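Engineer: All chains should be modelled from the sequences, with the hints used to inform the complete structure.
Chains A, B and C are the protein sequences, given in the same order. At position 345 of the first sequence (counting the first as 1) the number is 358 in our numbering, and the numbers step up by one without a gap. At position 38 of the second sequence (counting the first as 1) the number is 55 in our numbering, and the numbers step up by one without a gap. At position 161 of the third sequence (counting the first as 1) the number is 165 in our numbering, and the numbers step up by one without a gap.
Derived by calculation from the structure, the hints in this document are not laboratory data. Hints are not guaranteed to be accurate.
[Said to hold, decoys possible] No more than 25 Å apart at the CA atoms, straight line, and that leaves these computed lysine-lysine pairs for BS3-like:
{"no.": "1", "chain 1": "C", "residue 1": "K345", "chain 2": "A", "residue 2": "K160"}
{"no.": "2", "chain 1": "A", "residue 1": "K160", "chain 2": "B", "residue 2": "K95"}
{"no.": "3", "chain 1": "B", "residue 1": "K76", "chain 2": "A", "residue 2": "K211"}
[As the list claims (entries may be wrong)] Sample of chain A residues facing chain C (criterion: CB under 8 Å; computed from the structure):
{"no.": "4", "residue": "Y112"}
{"no.": "5", "residue": "I114"}
{"no.": "6", "residue": "D298"}
{"no.": "7", "residue": "P301"}
Note that the coordinates shown come from a computational prediction; the quantities given were computed from them, not determined experimentally. Glycine is no exception: its CB is placed at the ideal position from the N, C-alpha and C atoms.
Spelled out from the first residue to the last, the chains are:
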Amino acid sequence: MSQMIKGNTGDWEIVIGLEVHAQVTSNSKLFSGASTLFGNEPNANVSFVDAGMPGMLPVINARAIEQAVKTGLAINAQINLKSVFDRKNYFYADLPQGYQISQFLDPIVGKGEVLLDMPDGSVKRVGVTRIHLEQDAGKSLHEYNPKFSYIDLNRAGVTLMEIVSEPDMRSADEAAAYLKKLRAIVRYIGACDGDMEKGSMRCDANVSVRKPGGELGTRCEIKNVNSVRFLHKAIEYEAMRQVEIIESGGKIDQQTRLFDSAKGETRTMRSKEDAHDYRYFPDPDLLPLEITQDYVDALKKSLPELPDQRKQRYMEKFGLSAYDAGVIVGEQEYAQYYEQLAAKHDPKLAANWMTGELFGRLNKLGVDITESPISADALGGLLGLIEDNTISGKIAKDVLDLMFETGKSASAIVEEKGLRQVTDTGAIEKVIDEVMAGNPDKVAEYRSGKDKLFGFFVGQVMKLSGGKANPAAVNDLLKKKLS
Amino acid sequence: MALDSQAVAKIARLARIKVSEEEKAHYAHEISGILQWVEQLGEVNTDGVPMLTSVSEVKLPWREDIVTDGNQQEAVVKNAPASDYGCFVVPKVIE
Amino acid sequence: MTLRTLTLSAMRDGLLKKEFSATELAGAHLDAIEKINPDMNAFITITRDKAMDMAKNSDAKLAKGQGGLIEGIPVGVKDLFCTKDVLTTAASHILDGFKPQYESTVTTNIWNQGGVMLGKLNLDEFAMGSSNMTSHYGPVKNPWKKKGSDAPLVPGGSSGGSAAAVAADLCPIALGTDTGGSIRQPASFCGIVGIKPTYGRCSRYGIVAFASSLDQAGPITRNVRDSAIMLNVMCGHDAKDSTSAPIAVPDFEAALTGNIKGKKIGIPKEYRPDGIDPEINAMWDNGIKLLKEAGAEIIDISLPHTKYALATYYIVAPAECSSNLARYDGVRFGLRVMPEKGNLNDMYEATRAAGFGHEVKRRIMIGTYVLSAGYYDAYYKKAQRVRWLIANDFNEAFKKVDAILTPTAPSAAFGFDYKPSDPVEMYLNDVFTVPTSLAGLPGISLPGALNKDGLPLGLQLIGKAFDEEGLLNVAYALEQAIGFKGKPV
Numbered sequence: 014m015s016q017m018i019k020g021n022t023g024d025w026e027i028v029i030g031l032e033v034h035a036q037v038t039s040n041s042k043l044f045s046g047a048s049t050l051f052g053n054e055p056n057a058n059v060s061f062v063d064a065g066m067p068g069m070l071p072v073i074n075a076r077a078i079e080q081a082v083k084t085g086l087a088i089n090a091q092i093n094l095k096s097v098f099d100r101k102n103y104f105y106a107d108l109p110q111g112y113q114i115s116q117f118l119d120p121i122v123g124k125g126e127v128l129l130d131m132p133d134g135s136v137k138r139v140g141v142t143r144i145h146l147e148q149d150a151g152k153s154l155h156e157y158n159p160k161f162s163y164i165d166l167n168r169a170g171v172t173l174m175e176i177v178s179e180p181d182m183r184s185a186d187e188a189a190a191y192l193k194k195l196r197a198i199v200r201y202i203g204a205c206d207g208d209m210e211k212g213s214m215r216c217d218a219n220v221s222v223r224k225p226g227g228e229l230g231t232r233c234e235i236k237n238v239n240s241v242r243f244l245h246k247a248i249e250y251e252a253m254r255q256v257e258i259i260e261s262g263g264k265i266d267q268q269t270r271l272f273d274s275a276k277g278e279t280r281t282m283r284s285k286e287d288a289h290d291y292r293y294f295p296d297p298d299l300l301p302l303e304i305t306q307d308y309v310d311a312l313k314k315s316l317p318e319l320p321d322q323r324k325q326r327y328m329e330k331f332g333l334s335a336y337d338a339g340v341i342v343g344e345q346e347y348a349q350y351y352e353q354l355a356a357k358h359d360p361k362l363a364a365n366w367m368t369g370e371l372f373g374r375l376n377k378l379g380v381d382i383t384e385s386p387i388s389a390d391a392l393g394g395l396l397g398l399i400e401d402n403t404i405s406g407k408i409a410k411d412v413l414d415l416m417f418e419t420g421k422s423a424s425a426i427v428e429e430k431g432l433r434q435v436t437d438t439g440a441i442e443k444v445i446d447e448v449m450a451g452n453p454d455k456v457a458e459y460r461s462g463k464d465k466l467f468g469f470f471v472g473q474v475m476k477l478s479g480g481k482a483n484p485a486a487v488n489d490l491l492k493k494k495l496s
Numbered sequence: 018m019a020l021d022s023q024a025v026a027k028i029a030r031l032a033r034i035k036v037s038e039e040e041k042a043h044y045a046h047e048i049s050g051i052l053q054w055v056e057q058l059g060e061v062n063t064d065g066v067p068m069l070t071s072v073s074e075v076k077l078p079w080r081e082d083i084v085t086d087g088n089q090q091e092a093v094v095k096n097a098p099a100s101d102y103g104c105f106v107v108p109k110v111i112e
Numbered sequence: 005m006t007l008r009t010l011t012l013s014a015m016r017d018g019l020l021k022k023e024f025s026a027t028e029l030a031g032a033h034l035d036a037i038e039k040i041n042p043d044m045n046a047f048i049t050i051t052r053d054k055a056m057d058m059a060k061n062s063d064a065k066l067a068k069g070q071g072g073l074i075e076g077i078p079v080g081v082k083d084l085f086c087t088k089d090v091l092t093t094a095a096s097h098i099l100d101g102f103k104p105q106y107e108s109t110v111t112t113n114i115w116n117q118g119g120v121m122l123g124k125l126n127l128d129e130f131a132m133g134s135s136n137m138t139s140h141y142g143p144v145k146n147p148w149k150k151k152g153s154d155a156p157l158v159p160g161g162s163s164g165g166s167a168a169a170v171a172a173d174l175c176p177i178a179l180g181t182d183t184g185g186s187i188r189q190p191a192s193f194c195g196i197v198g199i200k201p202t203y204g205r206c207s208r209y210g211i212v213a214f215a216s217s218l219d220q221a222g223p224i225t226r227n228v229r230d231s232a233i234m235l236n237v238m239c240g241h242d243a244k245d246s247t248s249a250p251i252a253v254p255d256f257e258a259a260l261t262g263n264i265k266g267k268k269i270g271i272p273k274e275y276r277p278d279g280i281d282p283e284i285n286a287m288w289d290n291g292i293k294l295l296k297e298a299g300a301e302i303i304d305i306s307l308p309h310t311k312y313a314l315a316t317y318y319i320v321a322p323a324e325c326s327s328n329l330a331r332y333d334g335v336r337f338g339l340r341v342m343p344e345k346g347n348l349n350d351m352y353e354a355t356r357a358a359g360f361g362h363e364v365k366r367r368i369m370i371g372t373y374v375l376s377a378g379y380y381d382a383y384y385k386k387a388q389r390v391r392w393l394i395a396n397d398f399n400e401a402f403k404k405v406d407a408i409l410t411p412t413a414p415s416a417a418f419g420f421d422y423k424p425s426d427p428v429e430m431y432l433n434d435v436f437t438v439p440t441s442l443a444g445l446p447g448i449s450l451p452g453a454l455n456k457d458g459l460p461l462g463l464q465l466i467g468k469a470f471d472e473e474g475l476l477n478v479a480y481a482l483e484q485a486i487g488f489k490g491k492p493v
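Structural biologist: Given below as structure tokens:
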């Protein structure tokens, strides 16, 4: 689903590659035993190793290895039984050792793929080049003093997985879908909590433009985008910026940029004076990481049902569309909620009501499904009333609103407000007769060919019945009576 | 390989060590001499020879994921030339 | 007075027999240090109060019949080991005022076994050097002097302070570290014993890192037995050091039987180049003869890549040190130089320029260069491959022999006024010791003879990986046979 940009000189294709940094959920850090707990006092989660003190040495966390392998397995990637930790050397205040322990030539995970569920039901494959483990850096706080920066090393040394995609994405939509899917995958397996606001998942986007079929253009890197929404905006802005430059005769400078969410624009980071020469070499404090095939196989067995597998299962078992299934498997919590509904109610009805009505209202309230005031059981209660014809779908929407407002159950509300659908054909016929009697001229007009007036009669009947008449019955009976 | 002052300037920059013009020339001379001497390794046939990754047969040990360290803010900043609110204080970083 | 000339094992026995107390022992050494150190400059920091406290504790333990392997024994610590709340400088200006809030594993082991800390010993800055001349705290005077001369001589390096202190009876034992010969060469220059164990035997945790794949801690002592006792205390697997060998520590002292009948001793021809000092040659030949007389079999071997070892070392070690020393940046500890109106980078550049000495800066720059883009393959990668070949030479040789005998250093101690015409000349001091380091093997130096100037020359024995027992026993037998009694005047 490419999204061409319409420039002055024709269509432009956007080429996007994403580098995602995901903090691995663990108790302690990648190479030290300090805590990773968010929100502690500055430098409280810091061992002398993290602080880069003289004589300190790294010791690797077994959980970090586990989560990297599991993530690799979850994206069908090649797991490298031998990998090497390298030092990436550069100077920065939040990098106490003066180097970051990372993996350069021999990462723990090789090529894999992420499958995107596009809105039109199609599946797009985005390649992943590699995943490697590396240390996160500390935090520089610039806002407290005009002349000084304050350095907090709590985050220094936390485990990061860097997940590098192939430049396979062709639109901001695809990039957003990739990020969402990747996030779902790491959340499913418990490797990362995917909380972009807190910064446990960050995204760098490499964006370039080209004429379709042409050579790759010069790319710019947009660093540290921390929401899917911002990613989408940043890519669209950046691609447009590049097209405008090229079309007005300019050249793209390869540079690193930041997304200014307030202005909705990307801007250059003050240009780094020298291109970085990281002087990678294998860290002599760490031997190569060796894992066995048995270890990998055991982890593979331990993987939970992954989003794609679950999506397939929902499509087969519940007859859902690819897109609907894709939305529901997007979060474990959605899937759990859905399965509760689908266990007792029509799966398609459940899917529609969940992803349409429920999600819409939750979004308006700014509330997550885990905090939904309407439980799966409660929503199921409402679905049940639709399924046994107690209320119409239209009324059900109002009932749902009232459920949100009052916290009462669907049946309680229906009883209280007397919203039971009228299905008794006799009663409906009476109402129809009344309407027809009250509008003889319109009846005559309809019978003489003005078909459009049918809607008028339906409206009147519904109005007179207080919205409670079963629409299907009304349609049938009206047709009969008006003919 | 003979280095000139410019090359030394680049290296010194990467290593974040300030060198004067005079020192640059001096280091250029000394380092060139050393590099020329170590380049004798070019004589050695190393086709098919692996890099020595470790001198011992030790395997990389893995640590259990439990918190065994940290919670010592005071000790961490104790030797700092400048600290405040538990943080290290440095001149403004230009970004 | 005579207390200070006792060996470690004699002190240990004397304390147990209550012939003297730990407090007396510490006091005697501290008094001597007070007198001698101002001129010798072996100690950077003297921890008098701490020493007396520790000695008192030791006496209390000994009175109860308790105590560790070296209870009450005074120890000097090379100022490269981080000692909690005690100034640790690595002999560098850049660590001004640094008092670690943690203790190195090796020194922890020493204190746990009852060692008493006399102070921190001088060294070449960041362990880079073979003469102790690069120290920010000034050079160290070797207690030995040339016959009829008062000119000061270097004690060797980088553990110059450690070797000088032991040779001058300022402490019976000292901790050193060895990266390319920094324990063995000073031991040779000072007429005493120094051993670098197999890489991985001693933990590197808390030792200021110079070259991570080469650094090893080791003891500097008056005789082989004392070294064995010290290794019993210092060695051991440490979970905090990922390169630490998960291997049990045997009783090294128990291995000293003196019986080396049938042991095969290799003599590598590459260590005897044309132009070798004839006195060193003679000492070596004498060592060979004595080992033969003790029942060992002498076998000629070849270590073909020996001549490339120094070049290999002077690529690998600077590369690793350029990265290890990046943390000295004025942010979290030590010296900070803040130029007016400067930013963070200005602070880095000024601090490191002022804080590091010339030799250290040179090695950082070489290291930075050989790792930089475009040069990594030709230098670092190439060097690590040649290193494999050097290690392989030893592996092949050790299929035929149990230990290898060579001289330790190409000369005796040289004068303070020795100014090499170029840095490479100074590096040649390490020619006999570096190959052992590159291969990670254990190596020991013991005094072989006095030269015509009355200065000590050392013999080196190299052992199989993790066979310190075998190595120490051959060294012990050789030591007995040589019967070296030299002492600085």
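Engineer: Decide, hint by hint, whether the structure agrees.
Structural biologist: How the hints compare with the structure:
As the CA atoms of K345 of chain C and K160 of chain A are separated by approximately 10 Å, the hinted pair is consistent with the 25 Å bound. A distance of roughly 22 Å separates the Cα atoms of K160 of chain A and K95 of chain B; the hinted pair therefore holds under the 25 Å criterion. For the suggested pair K76 of chain B and K211 of chain A, the alpha carbons sit about 36 Å apart, so the restraint of at most 25 Å is broken. Taking 8 Å as the C-beta cut-off, the interface hint given for Y112 of chain A holds, the closest approach to chain C being about 6 Å.
Restraint check, I114 of chain A versus chain C: the minimum CB separation of about 11 Å is more than 8 Å; hint violated. The criterion of a C-beta within 8 Å of any C-beta in chain C is met by D298 of chain A, whose closest approach is roughly 5 Å, and the hint holds. Interface restraint check for P301 of chain A: the shortest CB-CB distance to chain C comes to about 11 Å, outside 8 Å, so the restraint is violated.
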